[in-house]
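Residues per chain, in single letters:
There are 2 protein chains.
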Amino acid sequence: MKIGLLGMGTIGSGVYEILEKRGDIEVQRVLDLRKIAGLGDRLTARFEDILEDGSIDTVVELMGGLEPAHEYVVRSMRAGKNVVTANKLMVSRHFDEILRTSQSNDVAFRLSACVGGGIPYIHNLLRARRVDFILWVGGIVNGTTNLILDTMQSSGEGFQEALREAQRMGYAEADPSSDIDGVDARSKLTIAMNLAFDGVADTNAVLTEGIRNLTGQDIRCFKKLGFACRFLSSARRLEGGAATAYVEPTLVRPDAPEAAVRKNDNMISFEGAYAGVQHFIGQGAGKLPTACAVVGDLIDLDRRRHLSPFTTNGAPIAIDNAQVGHRYYVRTAARLGIPAEKIDDRAYLTEPVSVARMHAHAEELRVSDPGAFFAGMRDE
Amino acid sequence: MKIGLLGMGTIGSGVYEILEKRGDIEVQRVLDLRKIAGLGDRLTARFEDILEDGSIDTVVELMGGLEPAHEYVVRSMRAGKNVVTANKLMVSRHFDEILRTSQSNDVAFRLSACVGGGIPYIHNLLRARRVDFILWVGGIVNGTTNLILDTMQSSGEGFQEALREAQRMGYAEADPSSDIDGVDARSKLTIAMNLAFDGVADTNAVLTEGIRNLTGQDIRCFKKLGFACRFLSSARRLEGGAATAYVEPTLVRPDAPEAAVRKNDNMISFEGAYAGVQHFIGQGAGKLPTACAVVGDLIDLDRRRHLSPFTTNGAPIAIDNAQVGHRYYVRTAARLGIPAEKIDDRAYLTEPVSVARMHAHAEELRVSDPGAFFAGMRDE
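In the order they appear, the protein sequences are chains A and B. Quick note: the first sequence uses our numbering, first residue 4, plus one each step. Quick note: the second sequence uses our numbering, first residue 4, plus one each step.
Check the hints yourself; a few may be wrong.
Where chains are identical, the list cannot tell them apart; a pair therefore holds if satisfied intra-copy or between any two copies.
What the hints assert, rightly or not - Distance condition first, Cα-Cα at most 25 Å in a straight line; then the derived DMTMM-like pairs of lysine to aspartate or glutamate: (1) Lys24 - Glu242; (2) Lys227 - Asp382; (3) Lys290 - Glu274; (4) Lys226 - Glu23; (5) Lys290 - Asp305; (6) Lys5 - Asp305; (7) Lys266 - Asp382; (8) Lys290 - Asp382.
I should point out that these hints are in silico values taken from the structure, not numbers from a laboratory. As the structure is a prediction and not an experimental result, all values here were calculated from the model.
Working from the sequences, and respecting the hints, build out all of it.
This is the structure in structure tokens:
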């Protein structure tokens, strides 16, 4: 098996290292605009050198970003090449097109590294749905924000200090927006629900609240309430093909399994009608863990053990968050328009309210109070 | 695909129910000595009716026990039939013979349901070891004992009450010895380490301490120490092909992931050199979860996506528990022969001592104090 590797960044170099040690899967060409020592003639800056190389049967897309990653994936499939990718943002936006293109060109598409990095979540979801009926997907899907929350709660540090520490440790990027605003989590949840519920959801319709506005006062309130804060994603099937789907900071009891997820670990879960709830805990990012997921996909293709993510006609999944609700912690200087009990200076616990209403009301609050923060409360 | 089902007990009837709804895998014959309504001519009390039926390509062994399960599995393989089993006790005893027989007869052998019931642990271990180097396997592999421990710690009930409650709920058997004495956990750990470390360990050499002697006084001591008790299994590679391997009640900090495992859930884990530690949490037993694992194996065989558990020459794995140690909680009326601090009436915290020495010393203590109890302490 010969592959073309698009992008020799952190994950790409991890995949390259592992494959060079193995010997069964050959890195024929590497696309990267930078000079990279040791690759010799295999390095190219022209995608066409990979596209037109008939000896390459599989393209591994590890460039990240929307374009040209999306274009290269589609063109590779049309040229009859299998595709393996770790690009959750791109896959969540172009899910239907990519799956249809892989099917119409009779090539394989694998995306294990898109959700959970080194955690074998997608593979298990694909296996489980062959037998079981998946009712729910969710969990802690972003390690950077879990590290920030864990640091703030254990050390009493403020948000900016905890973020800077995560950046120093290499767990947060220079521009942390995608993590702390929930874009990364939303992409992963969208992919998981598409696979689990056999359809295509609009990732922009997933209600998403990040942790950018979290303060030390909020953390003190959570402790006073006896709760821990985790950044949770959740998507549940409703009757008739629709689903709830949202990402928000969530207060959980300290003995909840989510509260035991420390540092930058992930805990990704699904619930089957037969097998019940399953949680998968591990490193959701990082060079070698994520590279393991990519290489696992390549071995599956090499040994023809492909589990296709495509089972559906691509029916749209309508997202309806009016059907789900709970209490919320809200901290705002603006006038709260939801019945609530005041628990601290400008901090409230609301009555149970739908997820749709709370996220919509938060937008209203931010007109006068851009720093408003809210978190769902799981108090069962 | 046509199967012969050996045993129509809890798991067998779960498998039957799921397969009847699917239609892609046909239950051709069922072996059971009891009369079972609805099976008609398919029911037989003679194993030979399955062995000699050339239309049956796969035998599903769900009888449990050592014999005749072991004999039937070997004879099925020799007759050219694939085997899927959930029988951890039998597989842990006859691992090498079964794997060699499957290889020499060129038939598939799948054992997903042997460890973790509905939790896809073995499948993921087999997938991970294709890429990664597995350093450690372990965790909470027995749901009945976790339920007993969780009940005792949350309600203050004694051991006998908690056991009877587990029996009433259907989670503990009338004779609970295999669970509470750790035989079930030891079988699972043996299978996991054989697969992870590519060899064959003697299951009788796995040092095993159960929870039969646990009392309310012990639970009160754990609380005073600020620890929770979980029933943990652990096997770690040593240099040169040997491994540590033991099963014992273990005190963990209340914020450890194991402490968050509630009721009869399992948390089964492995550590890879690349991917780090991964935990798999879910229902480790029960009719439909375990049946899901069996049916998943059958679908893999039907679609020729078999992951072979056989990669090794069956080299023996020597077990050496002198190479690992920690502090222990010990409650005994006999004279403790290990340096220790007294923390309660007849209850002690020892200095760090090897697992081998503690398990051997407990045998000595029990000559005069058959009710002595000990638990490892993980205080990092």
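_Name the hints, by number, that the structure is in violation of._
4, 8
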